[in-house]
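Listed here are the chains, written in short residue letters.
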Amino acid sequence: MTETIENTRTRGHSEEPLLSVRDLTVTFTRQGEKPFVAVDGVSFDVRPGQTVGLVGESGCGKSVTSLAIMGLLPQRGVRVEGEVLYGGTNLLTQSKEQMRDRRGRDLGMIFQDPLSSLNPVVPIGVQVTEVLERHKGLSRKAATPLAREMLDKVGIPDPNRRLKDYPHQLSGGMRQRALIAMALACAPKVLIADEPTTALDVTIQAQILALLKELVEDSGTALVMITHDLGVVAGLVDRINVLYAGRIVERGDRHPLFAQPRHPYTHGLLSSIPRLDGERGTKLTPIPGSVSDNLPWANACAFAPRCSQPIDVCVEKTPEFVEDGPRALRCHNPVEVSR
Amino acid sequence: MSNPLNPDNLDPRNKKQRIDELAAGSGGTATLTVDDAGHIEESTGVSLIASAWRRLRRNPVFLLGAGITLLFVLLAIFAPLIAPHDPTKGLLLDKVRPQSNPVPGPEAGFPLGADTSGRDVLSRLIVGSRQTLIVGVFATLFGLAGGMSLGVLAGAFSGWVDSLVMRIVDVMLSIPSLLLAVSIAALASRPSQWTVIIAIATVQVPIFARLLRGSMLAQRSSDHVLAARALGVKRSAIVFRHMLPNSLGPVIVQATLVIAGAIIDAAALSFLGLGNPDDRQPEWGQMLGKAQNNIFDNPALAIWPALCIIVVALGFTLMGESLREALDPKSRR
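Protein chains in written order, with the numbering used here: chain F, 1 to 339; chain Y, 1 to 333.
Looking at chain F on its own, in the form it has when it is part of the complex (with noise of 0.2 Å):
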């Protein structure tokens, strides 16, 4: 399945991708036990300065695309195809050096539970002075000024004493930021950010998607933003890639996917989000059953099972991925626009 690379971005970001995922496949191969495909035929793009979100359920594939660009999957009995382009080079036929090198100077992470993606036994500043004596060649002493920059612009008061904090010492949005200014204190070009916020609660969560828009407008930083909360990405993202059982099945600008999802999928998602403004006891609208592994997108929708309304072509055929301007669909049966 390929896809042509769509070509409306406008909002005075550079034309050229950053960071372009192609095709990018991820089968995960067991000795005596069927291959299971968690990713399939991903494709994305990714211009400096611009948000991307990555919008799914458990299971559908997010977390592996994001490891598949950054290298990390496990070497042995995972099998992955594609391309990912950043600045031209294909990171997937990348060495194990330089994929080493580029991670934390081109492409930074931030994980989704800030507590235990931070080393427990090592101070906050020694973390953060880690990767720039890594990627800079700086000694420790002449890193730890930069280090407390770092920790001073992700908003971590008296960052002086912070940087000889254990992490357990620090609150849980705390943590996040330090995560970040890791992740940031090379400045690297692109910033994937695997559910940043999922494990904070409500008002940190704003704090941080907050501060991450601020980061990434200040510095031209390319976001992919890995979610499964539309509500988290709905202020941040430009771009909206809705991901199910390993392929995209939906794509567009925030407003118009908000505004019209034509994916069942999507809508359901949307409307299984709580609203304020809605009518007090109304129940909320799930989406019923789950993903399923057993060779979903073969000769069917792989969300048929689930879906409001199918039609009988839903079970026969898979559905191509039909590009519309900058909106993408993955359906045989879409929503109608006028609701």
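No lab work stands behind these hints, which were simulated from the structure alone. Fair warning: there could be bad hints in the mix.
[To be verified] Here are the simulated SDA-like pairs of lysine to any residue, each with C-alpha atoms no more than 20 Å apart in a straight line:
#: 1; chain 1: Y; residue 1: K89; chain 2: Y; residue 2: D279
#: 2; chain 1: Y; residue 1: K234; chain 2: F; residue 2: R102
#: 3; chain 1: F; residue 1: K136; chain 2: Y; residue 2: S236
#: 4; chain 1: F; residue 1: K164; chain 2: Y; residue 2: R241
#: 5; chain 1: F; residue 1: K96; chain 2: Y; residue 2: K89
All values derive from a computational prediction rather than experimental measurement.
Chain F is fixed; fit chain Y onto it per the hints.
For chain Y alone, kept in the frame of chain F given last:
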């Protein structure tokens, strides 16, 4: 010949299982700082060790164990000053009658009496604590060093290195530890305390190797190691800065527990005549071995060194167990 105080000498399967259980508990080393929230200690630089220490200070079991251990360590350090007599001189030799009174009983200045050579038992016990502690501590240190090297090797490299190291370790573990120690000590042409140390250290190597490897593996798949890899941190730094320090908790705990076992094993080897044969350098196991000739005439001669061994081993065990509890996230709160 196996040691009643050390039941897992007997069954190697049981031993492996216990080591693996200890290692599995170590996955929590990463999380154990979680619940001990920072709000108690908002001040700077309070580490994991400091917070464990605060809990230990209030633990009577730890205080008892540490007290016993400290007492014997001080005794060993200042032994020549504390010992009332020269432990090598047969001061009561004129009271030894091979037929009627082979072992002179207690008398003024000699509270525990003398042995068959007329030497003061109390002085010999006090000076003997040196040998015992030296053997226990050094054997554990060497065992720790060897076991940690193998464990890091196996934990850092997966694949064939890991398999090879672990198969060697399995073979070593499959031999009952005291039997292995006896065999190694018997290889030496001139037994001395160093052959005992080497023999006991060798026995401990696989225990530490397996333990460290297990907790390194748990670290390898942890989030913070993934995060460090995502920052492009070099492999050596990942192993030595991110994996190893977080895996050490159970190993350190095991080391304190193993000292007790090492002391008992060392005494056993000396008892069997595989230790230092020179009885001018007193050692508890050796004293125990000599005492069995007169065990019916004067059991006290055997009881005192045995009691010393038991109490010292108990001290280290209590200390190690409470240390394990303090560092174990599961036994928290």
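Against the structure, the hints come out as follows:
1. Distance restraint check for K89 (chain Y) and D279 (chain Y): the Cα-Cα separation of roughly 11 Å lies within the 20 Å cut-off, and the hinted pair is therefore satisfied.
2. For the suggested pair K234 (chain Y) and R102 (chain F), the alpha carbons sit about 12 Å apart, so the restraint of at most 20 Å is met.
3. Restraint check for K136 (chain F) and S236 (chain Y): satisfied, since their Cα atoms lie roughly 18 Å apart, inside the 20 Å limit.
4. About 16 Å separates the Cα atoms of K164 (chain F) and R241 (chain Y), which keeps this hinted pair within 20 Å; it holds.
5. Restraint check: the Cα-Cα separation between K96 (chain F) and K89 (chain Y) comes to about 70 Å, which exceeds 20 Å; the hinted pair is violated.
Checked against the numbered hints above, the structure violates only hint 5.
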